[in-house]
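Chemist: Sequence:
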Amino acid sequence: MRRFLGYSVLGSFACLLAIAAGCEGEDLNTGGTGGSGLSTNTSNGGAGGGTGGAGGSMQESFVRIHYRLQDGGDPKSWGVHFWGAGSTSPAWGSPQVFDGTDEFGVYTDVRVTVTGEADDAWLGLIPVQCSNGNCKKDVETGVRFTDLTKNAQDPNIAECWITQGQAVSTTPPAAGGPAYEISRPKDFIDLGNGSVRMMFRVAKGSTGTVEYGAAAGMLDKKATWTAADDINKNGLVITGLTPGQAVYYKISTALDANGQKLEDTSDVLDLTPISYATITDAASFASWGSKGIMYQLIVRTFADGGATKAVADSETESGIDDTKRDGIGDLVGLRKALPYLGSLGVEAIWMTPVFKAKSYHGYDTTDFYDIDPSVGTMKDFTDLTQAAHDAGIKIILDLVQNHVADVNPWFIAGSDPKHAEYDKYHDWFVWSDQYSNMLADGHPWDGSAVMWACKNYQCYHQIFGGPMPELNYRNPEVRAEMKKISEHWIHLGADGYRLDASKHIDQFDDNANISLDKHGTHVWWKEFNYFVKKDVVRPAGSAAVLLTGENRWDDPAQYGKMLPYGSDMDSQFDFPFRSIVGNFVNGQTGDAVDFVGYVKKVQADLAAGGNGGSPHHYLQRFLSNHDLERPATQFEGAGAALDAKLKQAATVVLTLPGMPVIYYGEEFGKKGKRDKYVGNEEWDRDEFIREPMSWFETNVFVGDKTTGWNIDVAATNEANKDALPFPGLGITVAPNPDYPFVKFMSEQEPASWAAQDTDPSSLLNHYRQITAIRKQHAVFTDLAATITLVKNTADVYEYKLQNATETITVVLSRKSTPQTVTLAAAGTELISGLTGTSFEVPAYGGIIVQSN
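Here this note's numbering is used: position 816 in the sequence shown is 821, and no number is missing along the way.
Among the hints, erroneous ones may be present.
Across the chosen pairs, the derived CB separations fall in these ranges [to be verified]:
(1) Asp79 to Ala609: 52 to 60 Å
(2) Thr151 to Asp107: 45 to 53 Å
(3) Asp107 to Met223: 37 to 45 Å
(4) Gly138 to Thr285: 52 to 60 Å
(5) Ala777 to Asp235: 51 to 59 Å
(6) Thr285 to Ala609: 15 to 23 Å
(7) Met223 to Asp421: 34 to 42 Å
(8) Asn518 to His493: 33 to 41 Å
(9) Glu752 to Arg679: 33 to 41 Å
(10) Asp395 to Lys726: 21 to 29 Å
Rather than coming from a laboratory, the hints here were simulated on the basis of the structure. Model, not experiment: these values are computed from the prediction. Don't be surprised by glycine CBs; every beta carbon is placed ideally from N, CA and C.
Kindly generate the complete structure, drawing on both the sequences and the hints.
Modeler: Written out as structure tokens, the structure is:
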């Protein structure tokens, strides 16, 4: 999952607060560029009515922004950027200075002309400290004049208060010293063994007690903490509980603040611990995955099986009219394509998300229990799973547990204090509190970003952008809901889940370096894995449900960070392996291309069982996916040797242990990367990695190349009506209806099924050959097989796989001209059928030799 960065820094809050969804960067006022310091507020002062717009009357009004720092420093070196509400935005890098002082800290007044309750009355703002145009930023937020406390002397001044790194307050801060009250008293992480890690939050330096017992009136046990304990980081572990039996508890805390004792006590609350254990036995792992081949596809760009239609009952009626075509891939088209996938040796299909979602890509879910109507209905899904199972193919759903869409009903309710279900859903998300310093919470890959966004005067945890709020897995209701969702789809035929962004479930524990046995991310995946393996009732003889994670580290030097997931789930995607193969195909030499050494090292470390590893865990190995540049573009510098190098890369992936994954169209050499089409877009677009499946050699396009350049569905289907890989196929259009551009496909497309199907020397038929060889020889899928690097030179890379029944040697030529290689023992070359000890290997080619 790639973070969405397509909305401007200064405009994103205005978009976030808008009732209408789908706001993009070009719609927002970024406030300009340039400047190198602080400006005064004179540009916003003076008389003047302006216009009230939809939000209010014409008047001269001001928003007074009070500001103070948490960790020392001079607050007067800070200023504020702002936009909206009829204000005049300062240039980026030249914020309006905090030019007044008071007991709270510093303040400045911003003139606004829209003061009502409509969306255009929101004043977006972000405190900054700038030098030479470079700005340190606080958390972006927003206020409306009408919501704020009016100044006692001048009602045309509405005031708000911001403590650095915390949510904006619409009311004056309470007197009486520091914050001391208990926050998030219901949060806990269930360790599964009669222990829970309570995750309430209290003031730093406080002391306290948790009294607990078997009844609300009998709290006869205690757990305590001292002023030196970092409760907000480590939590408080309570042991000796009985799974399945309710535990009642009350939290009490005290803080000594300059001789004043500040105390708080929670209500008597309850929790019920559960029982689960780490999956360790080989029989419970989904080992079938390590013996199969996975194919990744995006349903809406794969195969159009018909046009969407309205239905009365989605469980009994298809949502696709197969007599028409609408250019959108669907579950019916995928079902019709199953014979093609079977001919490629595919045994599992990973579909990117098909649940109802906000965006075309589906990674911002709005309803986990239903199929997005653009691709079909529940009946279309169950028809697909039945047909796939009949064909010996398993269905893997992309389950985005980490976050949801900001228009998901859970978040709509949980973020709006006026909503009827606010209390139910508010704690399903992680909100900042009086102990937060949001600037101190490091973003996992962007050091300049914060992990928070704000809405309705509250700030919530996010990693992938404000439109994707993170769920709170310290809340047992969230954990129970995700289990319920998984069981729902398993009973409908799902065979497993690809777990999107799986390493980010508890980013705070990551930042705090919490030990694996208590770490919220790893504890949750162990709990979830146990549930789908042991608690979900399935027919006798059913294969284990597969869980495979997206735990992304591209650098091979960081592979050790993957190991702790070895006992959390069956498998994970091997991003470092892709990096090494990329080095190999691009012509590097030495250790940087030694993928065999890497595979051996990872397998050995997993098998050793240290740091969370498991000998039964395996890795998905791949060349590209929906977030990554396609190989035909990544290696296009190879020129005339590109086809040979793509075949060689495929040979590598398909002749090593683990589960190979083929990204749709990769078998033809389909091109794509993040890019722009018109050229003036604000960011590179992922859509070009997700273009329509290249079924046809002849494509017809429509558009002016300025507002669109897309597949002409009717003309393309008509031109290819006599050359279909399977009956009922229709071509699809660009994936995102709001960005209708196709860049890497051409009118005459050599990287297509039609151009390659009957060509024995094509990349497609190479894939078919190697997948067939892999399926016929168990040594390739035997995790216990011995892998030996025989040779790694500038000319040849040679490795050997051996188990109790067979030995196979793979030799890859690194030369631009043919060469003859001689093996130590005679054998049969499995691609050509030739036998002997010496074989000619074509330029950048490979041989696979079974020892006689």
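Chemist: Now tell me, hint by hint, if it's right for this structure.
Modeler: Hints and how they fare:
A hinted range of 52 to 60 Å for the beta carbons of Asp79 and Ala609 is consistent with their spacing of about 55 Å. Judged by the Cβ atoms, the range 45 to 53 Å given for Thr151 and Asp107 is violated: they are separated by roughly 23 Å. Roughly 51 Å separates the CB atoms of Asp107 and Met223, a value that falls outside the hinted 37 to 45 Å. As the Cβ distance of Gly138 to Thr285 is approximately 56 Å, the hint placing it in 52 to 60 Å holds.
Restraint check, Ala777 to Asp235: a C-beta distance of roughly 57 Å satisfies the suggested window 51 to 59 Å. For the pair Thr285 and Ala609, the beta carbons lie near 18 Å from each other, so the given range of 15 to 23 Å is met. Roughly 39 Å separates the CB atoms of Met223 and Asp421, a value that falls within the hinted 34 to 42 Å. In this structure the hint that Asn518 and His493 lie 33 to 41 Å apart at CB holds, the actual value being about 36 Å.
Separation of Glu752 from Arg679 is about 23 Å and departs from the stated range, judged on CB atoms against 33 to 41 Å. A beta carbon spacing of about 28 Å between Asp395 and Lys726 agrees with the range 21 to 29 Å that was offered as a hint.
Figure legend: structure checked against the earlier numbered hints; hints not met, in rising order: 2, 3, 9.
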